[in-house]
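Asks: Sequence:
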Amino acid sequence: MNDIQDPASPAAALSGVPAACVSKVELRVSCKALLDRDTLNKSDPCVILMVQSQGQWTELDRTEVIKSNLHPVFAKVFTLDYYFEEVQKLRFEVYDIHGTHSIGTRDDDFLGGVECTLGQIVAQKKMVKPLFLKYGKYAGKSTITVHAEEISGNNGYVELSFCAKKLDDKDLFSKSDPFLEIYRINDDGSEQLVHRTEVVKNNLNPVWEPFKVSLSSLCSCDEDRKLKCLVWDYDSRGKHDFIGEFYATFREMQKIGAGNKVSWDCVNPKYKLKKRNYKNSGVVILSDLKLHRVYSFLDYIMGGCQIHFTVAIDFTASNGDPRNSCSLHYINPYQPNEYLKALIAVGEICQDYDSDKRFSALGFGARIPPNYEVSHDFAINFNPDDDECEEIQGVVEAYQNCLPKIQLYGPTNVAPIISRLAKVAAGEETIKDASRYHILLILTDGVVTDMADTREAIVRASYQPLSIIIVGVGNADFTDMQILDGDDGVLRSPKGEPVLRDIVQFVPFRDFKTASPAALAKCVLAEVPKQVVEYYSHKAIAPKCPVMDSPNSTTANTPE
Numbered sequence: 001m002n003d004i005q006d007p008a009s010p011a012a013a014l015s016g017v018p019a020a021c022v023s024k025v026e027l028r029v030s031c032k033a034l035l036d037r038d039t040l041n042k043s044d045p046c047v048i049l050m051v052q053s054q055g056q057w058t059e060l061d062r063t064e065v066i067k068s069n070l071h072p073v074f075a076k077v078f079t080l081d082y083y084f085e086e087v088q089k090l091r092f093e094v095y096d097i098h099g100t101h102s103i104g105t106r107d108d109d110f111l112g113g114v115e116c117t118l119g120q121i122v123a124q125k126k127m128v129k130p131l132f133l134k135y136g137k138y139a140g141k142s143t144i145t146v147h148a149e150e151i152s153g154n155n156g157y158v159e160l161s162f163c164a165k166k167l168d169d170k171d172l173f174s175k176s177d178p179f180l181e182i183y184r185i186n187d188d189g190s191e192q193l194v195h196r197t198e199v200v201k202n203n204l205n206p207v208w209e210p211f212k213v214s215l216s217s218l219c220s221c222d223e224d225r226k227l228k229c230l231v232w233d234y235d236s237r238g239k240h241d242f243i244g245e246f247y248a249t250f251r252e253m254q255k256i257g258a259g260n261k262v263s264w265d266c267v268n269p270k271y272k273l274k275k276r277n278y279k280n281s282g283v284v285i286l287s288d289l290k291l292h293r294v295y296s297f298l299d300y301i302m303g304g305c306q307i308h309f310t311v312a313i314d315f316t317a318s319n320g321d322p323r324n325s326c327s328l329h330y331i332n333p334y335q336p337n338e339y340l341k342a343l344i345a346v347g348e349i350c351q352d353y354d355s356d357k358r359f360s361a362l363g364f365g366a367r368i369p370p371n372y373e374v375s376h377d378f379a380i381n382f383n384p385d386d387d388e389c390e391e392i393q394g395v396v397e398a399y400q401n402c403l404p405k406i407q408l409y410g411p412t413n414v415a416p417i418i419s420r421l422a423k424v425a426a427g428e429e430t431i432k433d434a435s436r437y438h439i440l441l442i443l444t445d446g447v448v449t450d451m452a453d454t455r456e457a458i459v460r461a462s463y464q465p466l467s468i469i470i471v472g473v474g475n476a477d478f479t480d481m482q483i484l485d486g487d488d489g490v491l492r493s494p495k496g497e498p499v500l501r502d503i504v505q506f507v508p509f510r511d512f513k514t515a516s517p518a519a520l521a522k523c524v525l526a527e528v529p530k531q532v533v534e535y536y537s538h539k540a541i542a543p544k545c546p547v548m549d550s551p552n553s554t555t556a557n558t559p560e
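Letter by letter, the sequence shown follows residues 1 to 560 in the UniProt record's numbering.
Keep in mind the hints are simulated off the structure, nothing from the lab. Accuracy of the hints is not assured; some may be wrong.
With a cut-off of at most 30 Å between alpha-carbon atoms, the simulated BS3-like pairs for lysine-lysine come out as follows [said to hold, decoys possible]: (1) Lys239 - Lys290; (2) Lys228 - Lys166; (3) Lys530 - Lys432.
The task is simple: from the sequences and hints, build the whole structure.
Replies: Rendered as structure tokens:
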């Protein structure tokens with residue numbers, strides 16, 4: 001067999017592995033018990049979707065106007081790009097529309113509004129909120145309901161096996177050397193090569209090798225999109241002889257099953273016009289189809305997966321006396337220190353994905369009461385039975401309250417906290433469902449002292465539902481910390497064992513001093529969705545409430 005190489009072929013780039021797509025989310029909106037502003041008729045409601053960018057609210061889109069209805073269900077669908085690593089603030093405003101005037105004229109009555117984040121909506125999948133008038137007053141019993149659904153462009157891959165029977169013989173002294181090409185027909189009528197098989201030499205009944213292709217590449221995830229399939233007789237000079245063609249759809253292909261094969265007549269249009277009794281130039285057969293669902297981060301989140309956030313704070317003496325304004329732990333009443341800035345930036349995003357809004361807050365490297373022994377793993381609320389705090393503000397308060405009660409000491413050992421959290425995650429792993437994933441944020445002012453133990457702990461933790469973010473605070477030389485971030489190579493334990501997954505992201509805070517806190521969060525959290533999917537894919541764990549698959553699909557998450 002000879003391979004015909006096509007560097008532009010999507011299949012060549014895929015190598016059987018689907019490429020990631022930007023997640024898009026559809027929002028559908030309905031309201032109940034809206035205020036009635038009209039004297040003679042009921043209100044004519046319309047919902048305006050506002051987005052916040054650089055502190056400014058701008059209109060993104062609006063629904064249609066529904067006449068005389070206090071319980072409207074809008075047909076309009078809002079479509080937004082979704083980014084886990086960003087706080088995407090939204091505001092829904094409901095107006096009673098009179099005539100054709102634009103929103104904001106005195107004829108339009110404000111029926112209520114609500115602010116939220118896109119993260120909150122996707123985490124709940126269905127969000128119901130009361131509507132508020134100006135100055136925080138409830139709009140009676142009015143509510144708005146927002147349903148979220150992912151429309152990611154990539155939701156799986158398919159493995160196809162084709163063969164053919166009785167193809168036309170185009171060669172004079174031997175049999176044809178057939179190969180098959182599949183093209184996707186785009187919305188504008190253009191054709192995109194999806195896959196080209198190898199050449200089967202001297203054979204009118206070829207069996208081509210199975211191949212894998214993402215549904216995004218094959219049919220743009222549209223089962224009814226036309227696919228143009230061409231069969232050629234290979235010529236070494238590039239002047240291949242046309243044998244025939246047929247058109248198919250992915251929906252037709254899925255009719256295969258229970259021993260049944262799907263086949264198409266391979267037709268040469270010229271022969272069909274010239275020959276009265278012409279039937280075909282052979283038959284192409286789909287002998288096998290294996291459809292694999294590839295789950296996305298949003299599949300897991302919308303299936304009920306909770307993201308549990310834990311912060312671990314460095315209380316070693318190198319931070320400086322907290323009472324001194326030069327200390328990294330100094331509490332300035334007018335401006336948060338770097339520890340608080342990093343904590344709030346990352347925590348504010350993670351809190352949208354944890355329904356109870358309780359977060360573990362730990363410390364290391366300090367002498368703690370009552371005996372003032374050094375601890376590398378203690379609850380900063382000093383409750384060993386419950387290290388959780390209420391919301392991010394509770395973590396901030398616990399941090400501020402613990403500073404006067406402890407003695408900053410050392411060394412900078414983080415392995416105990418990593419090992420502890422990995423053990424917690426391992427205990428939950430026995431449930432065998434995608435119900436909880438952990439993010440550990442470690443804030444430190446220097447290179448870790450227990451590097452060997454930390455590498456070992458990270459390798460062990462890479463087998464658990466856990467991601468680790470390390471933010472270097474202050475002006476120390478963090479060069480040696482880069483070894484923990486696997487971006488430049490695979491992290492290994494002292495014995496040489498590699499991590500199962502790259503779960504560590506390290507950044508120095510000083511790189512973001514002049515940027516907004518959102519920039520830091522975006523940098524350190526950008527890899528988390530991929531890490532979540534990689535973990536559950538490795539374990540072959542589907543979301544708790546997955547999208548229904550076809551009868552031929554499997555629960556495999558990654559290409560075998």
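Asks: Please verify whether Lys239 and Lys290 have alpha carbons no more than 30 Å apart.
Replies: Status violated; Cα separation ~34 Å.
Asks: Given the hinted pair Lys530 and Lys432, is their Cα-Cα distance within 30 Å?
Replies: 19 Å, holds
Asks: Would the hint linking Lys228 and Lys166 be met if the CA-CA limit is 30 Å?
Replies: The given pair, whose Cα atoms are some 20 Å apart, holds under the 30 Å limit.
Violation of the numbered hints given earlier is confined to hint 1; every other hint is satisfied by the structure.
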